[in-house]
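Below are the chains, spelled out letter by letter.
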Amino acid sequence: MEQFNQALTSVFGILLVTAIGYEIRRRRKKLREVYNLLDSEDKALVHELEQMMAAGQLQRYEPA
Amino acid sequence: MNEKKVVIKPARRNRQIVEAPPAAVEAESGSAPEACCDEPEAGATHDRRDGPRFLFFLIDSGWNTTCTRIVRENLDMITRFQNNDPLYLLTREQSIALLKRHPHMIGKDPILLARDLHAGKGQCSSDYHGFHLNMGMVWEPNRAADGLRQFLNFLSTHRHSSNIENDIRQQLHRDGLQGAIEVLRQTGESMVG
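Quick mapping for you: the protein sequence lines, in order, are chains C and L. Once you know that position 21 of the first sequence is 25 in the numbering used here, the rest is easy, because the numbers rise by one and skip nothing. Once you know that position 115 of the second sequence is 116 in the numbering used here, the rest is easy, because the numbers rise by one and skip nothing.
Among these hints, one or two may not hold up.
As the list claims (entries may be wrong) - 25 Å max Cα-Cα, derived SDA-like pairs, lysine to any residue:
| hint | chain 1 | residue 1 | chain 2 | residue 2 |
| --- | --- | --- | --- | --- |
| 1 | C | K34 | L | E94 |
| 2 | L | K101 | C | E45 |
| 3 | L | K101 | C | R30 |
| 4 | C | K33 | C | K47 |
| 5 | L | K109 | L | D168 |
| 6 | C | K33 | L | D147 |
| 7 | C | K33 | L | F155 |
| 8 | C | K34 | L | N65 |
| 9 | C | K47 | L | K101 |
| 10 | C | K47 | C | Q61 |
| 11 | L | K109 | C | E52 |
| 12 | L | K101 | C | A59 |
| 13 | L | K109 | C | R30 |
| 14 | L | K109 | L | L99 |
| 15 | C | K47 | L | N143 |
| 16 | L | K101 | L | N65 |
| 17 | C | K34 | L | R81 |
| 18 | C | K33 | L | R144 |
| 19 | L | K101 | L | R81 |
| 20 | C | K47 | L | S162 |
| 21 | L | K101 | C | V21 |
| 22 | L | K101 | C | R36 |
| 23 | C | K34 | L | I182 |
| 24 | C | K33 | L | T80 |
| 25 | L | K101 | L | G63 |
| 26 | C | K33 | C | A23 |
| 27 | C | K34 | C | V21 |
| 28 | C | K34 | L | F152 |
| 29 | C | K47 | C | Y65 |
| 30 | C | K33 | L | I182 |
What the hints contain is simulated information worked out from the structure, not anything from laboratory work.
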């Protein structure tokens, strides 16, 4: 019986740690989607924006 | 969700839209995107307090969302809190054309993209050249406003950082043990309400 209780506690402990780990991972993934670093995948996009800016195609916002 | 329909209004007349000064900003932007991860020059400091640190671009294809309204209403705040670093607004047509050429960004707009003009000048990652706030990924108005505030706060407090990429990972992406604790704390707060 004691062994069974220990095993049950261990299983629930592992489940709890796994759930916490999963939640942290999920929230971090969401944060990375919202605050995303410009990496090699975005290099072409940034280069294009800079070209548009240099060509005077973009409007610069000026505060009132 | 019972969300109010928000229509994007054109820029108010008292706000002046001026043409980009290509030569001036191009000079500020320095190196081309390919020229990343140079070794720092001898005696060079990363604490460059003169000139803009970022170029901001607002890409907005016109999704009729509350997030769009929040960004548009706070354009003044973006420029004022970022030492008047240049902010360029893409028109709806320009945004759609750009996103069609880069489809991995579709649905994430409005995107506030911050091009780091100091990237590649001594930072170790070869790929880093800025970051962006994908407002389209946030649906709740409160979280969208909070996300924008946090973004501006982060930019202001770290604009002189020599390794802003690392700061982003630690503070915005919540990497590391401290970040994990912070994620748990926020989860607890959201559960309590």
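Structure-based check of each hint:
no., hint, result
1, K34/C - E94/L, "violated, 28 Å"
2, K101/L - E45/C, "holds, 15 Å"
3, K101/L - R30/C, "violated, 29 Å"
4, K33/C - K47/C, "holds, 21 Å"
5, K109/L - D168/L, "holds, 23 Å"
6, K33/C - D147/L, "holds, 18 Å"
7, K33/C - F155/L, "holds, 19 Å"
8, K34/C - N65/L, "holds, 22 Å"
9, K47/C - K101/L, "holds, 16 Å"
10, K47/C - Q61/C, "holds, 19 Å"
11, K109/L - E52/C, "holds, 18 Å"
12, K101/L - A59/C, "holds, 20 Å"
13, K109/L - R30/C, "holds, 18 Å"
14, K109/L - L99/L, "holds, 13 Å"
15, K47/C - N143/L, "violated, 31 Å"
16, K101/L - N65/L, "holds, 18 Å"
17, K34/C - R81/L, "violated, 28 Å"
18, K33/C - R144/L, "holds, 16 Å"
19, K101/L - R81/L, "violated, 31 Å"
20, K47/C - S162/L, "holds, 22 Å"
21, K101/L - V21/C, "violated, 42 Å"
22, K101/L - R36/C, "holds, 22 Å"
23, K34/C - I182/L, "holds, 16 Å"
24, K33/C - T80/L, "violated, 28 Å"
25, K101/L - G63/L, "holds, 14 Å"
26, K33/C - A23/C, "holds, 15 Å"
27, K34/C - V21/C, "holds, 20 Å"
28, K34/C - F152/L, "holds, 15 Å"
29, K47/C - Y65/C, "holds, 24 Å"
30, K33/C - I182/L, "holds, 15 Å"
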